[in-house]
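Protein chains in written order, with my numbering: chain E, 1 to 340; chain S, 1 to 340.
Keep in mind the hints are simulated off the structure, nothing from the lab. Hints may be right or wrong, so weigh each one.
All copies of an identical chain are treated as equivalent in the list; a pair is satisfied when it fits inside any one copy or across any two copies.
[What the hints assert, rightly or not] Calculated lysine-lysine pairs in the DSS-like style (CA-CA distance at most 30 Å, straight line):
id, residue 1, residue 2
1, 13, 173
2, 303, 44
3, 65, 335
4, 65, 5
5, 173, 303
2 protein chains.
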Amino acid sequence: MRGAKPVEWTGEKLRILDQTELPREVYLELSSPEEVAEAIREMKVRGAPAIGVVAAYGFALGALKLKEKGAFALSELRRVKELLASTRPTARNLFWALERMMRAAEQASGPEEIVEEARNIERETRRADELIGENGAELVRDGMRILTHCNTGALATGGEGTALGVIKAAWRKGKKIFVLATETRPRLQGAKLTAWELLREGIPFSLITDGMAGYFMWRGEVDCVIVGADRIAANGDTANKIGTYTLAVLAREHGIPFWVAAPTSTIDLSLPSGRDIPIEERDPEEVLRVGSERIAPQGVSVKNPAFDITPADYISAIITEKGILRPPFAESIRKLLEAT
Amino acid sequence: MRGAKPVEWTGEKLRILDQTELPREVYLELSSPEEVAEAIREMKVRGAPAIGVVAAYGFALGALKLKEKGAFALSELRRVKELLASTRPTARNLFWALERMMRAAEQASGPEEIVEEARNIERETRRADELIGENGAELVRDGMRILTHCNTGALATGGEGTALGVIKAAWRKGKKIFVLATETRPRLQGAKLTAWELLREGIPFSLITDGMAGYFMWRGEVDCVIVGADRIAANGDTANKIGTYTLAVLAREHGIPFWVAAPTSTIDLSLPSGRDIPIEERDPEEVLRVGSERIAPQGVSVKNPAFDITPADYISAIITEKGILRPPFAESIRKLLEAT
Chain E
1 MRGAKPVEWT GEKLRILDQT ELPREVYLEL SSPEEVAEAI REMKVRGAPA IGVVAAYGFA
61 LGALKLKEKG AFALSELRRV KELLASTRPT ARNLFWALER MMRAAEQASG PEEIVEEARN
121 IERETRRADE LIGENGAELV RDGMRILTHC NTGALATGGE GTALGVIKAA WRKGKKIFVL
181 ATETRPRLQG AKLTAWELLR EGIPFSLITD GMAGYFMWRG EVDCVIVGAD RIAANGDTAN
241 KIGTYTLAVL AREHGIPFWV AAPTSTIDLS LPSGRDIPIE ERDPEEVLRV GSERIAPQGV
301 SVKNPAFDIT PADYISAIIT EKGILRPPFA ESIRKLLEAT
Chain S
1 MRGAKPVEWT GEKLRILDQT ELPREVYLEL SSPEEVAEAI REMKVRGAPA IGVVAAYGFA
61 LGALKLKEKG AFALSELRRV KELLASTRPT ARNLFWALER MMRAAEQASG PEEIVEEARN
121 IERETRRADE LIGENGAELV RDGMRILTHC NTGALATGGE GTALGVIKAA WRKGKKIFVL
181 ATETRPRLQG AKLTAWELLR EGIPFSLITD GMAGYFMWRG EVDCVIVGAD RIAANGDTAN
241 KIGTYTLAVL AREHGIPFWV AAPTSTIDLS LPSGRDIPIE ERDPEEVLRV GSERIAPQGV
301 SVKNPAFDIT PADYISAIIT EKGILRPPFA ESIRKLLEAT
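Please put together the full structure from these sequences, using the hints given.
Following this line, the structure appears as structure tokens:
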């Protein structure tokens, strides 16, 4: 992304842009797996692919620390893995990255090789973003008015982004597009992060509240919906930021294509359907407060699922780095992953 | 409502609960039509029926002031009407109440009779609420989990409420219900006002963000949706708080009944369909700020329609003080209004 570096490995530490502080640009230097776990849990870094990259570096930091203490051993590294895996339950990329790191650790003679694997994961994630952008931009027609949800840009991946990466790629190819960005309550990633990225890129857009999406579709002012994914089951059912399912239902009702953009590392073949994906329930305070402002009376009970499931039936295409998948997804996903 | 008095005529002034200050209970004394117009515009009082009642008293205050100044004349009263009518464009009850006040003024020999007409409007609005509650409670089955949007309670009408009035009536009849209340961005009437009323009434509920509605329907945790209305066209198309249409689409997708509760004063026979209802676009700051907290970077463009249109096709029933209307609404509305 132009200017800011959301995730950067300095050789010894992990430097991240604290996404809870934006639009103020505050960087954090993380030097232990505990600090990385905390940053993921507190959503100082978020977005499924970025969580994968950062967790990989957290694991590498653990390996470096253990070496320093003379305690470099697989059993210790397994504890580092468990710590990082316990931060958030839904995003597939977290577990995918940690499993890769653990396999690398099993082969490695020292922490340097483990750090190298984290760098590989980062490089591959960036490269996947580029290819997702290229593939997805083919779907975007000149003049399209695109609705997107949450943040799926550079901040969410460390590269160019998934859904927002497609939007940027189409824009850079000269397509005249217009974006409607949902604010994405409760954490407001649309208002805070996507708006910030779109402004930097110069892409014309308007911010709307989540409840406005249906109205603009009803008015005929939305031509497609693009969202990211936190986990995709073997049949194509997709977990993504809460509110995504509602947009998918609205899109189908209005005959609007609904596209999911995600790297194949988000696909979890071990889960047959979306019903099997664990949905994180987060702190009620996220709903009850906006910054320092409390929005509801004392004593109010709150539900705060962070994700929802969009059944594959509602999805028109899944844009990956390896190509665009079409329904029936159970088949197209299997074929794609078998072929590679 | 137990305890608080959202709207009260003191004999000379209009005392209202400032709804922008809740849960702090701050009362305002309004003594001129200008002050009333300001309170409506700033949403210190809101909700279609309450706006109607308050505008009627604003008109009455105008009549009293004109009398004081020795300028009591129909032409002056017409200017008072225009001032009050210019505050908000969507709610039918505002215009309905002002037209009634103007007709009363044409017959009146002095301001006392005009005040009396405002009191009639208030009494009728309260009585309509009671009957809407009674009629609607018939539809609510024991154990139902009810989703509602925005605030449609005592604060919205001055009586017991429309949609929330139905919920309260069912609860008071001993039905074990559970409410999911959407926070209703941007103004958060669900989080601030509905939560406050439900707490006072002791009705069990959870607060959710607007984007969560689909998820809870998908989980099978919603049995019906009840909302209010700001204007109902002759064919049953309904303007209501932004986000309502999205809930209606979701409800139909899940086979969940979708009920609108409103007094017949909300029906506008002069408009054939919802496409003809003017939708108010409000200040972008409502989206960009939550209290003192700014949620998006500088330079962001915002859309802020305050209402949307739910086509009659999505509505299972319209609950009025004169009975429950069923589709086809063009016919049932016409019959109901002809019969009375």
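### Query
For this structure, which hints from the list above don't hold up?
Numbers 1, 3 - these are the hints that the structure violates, sorted from lowest upward.
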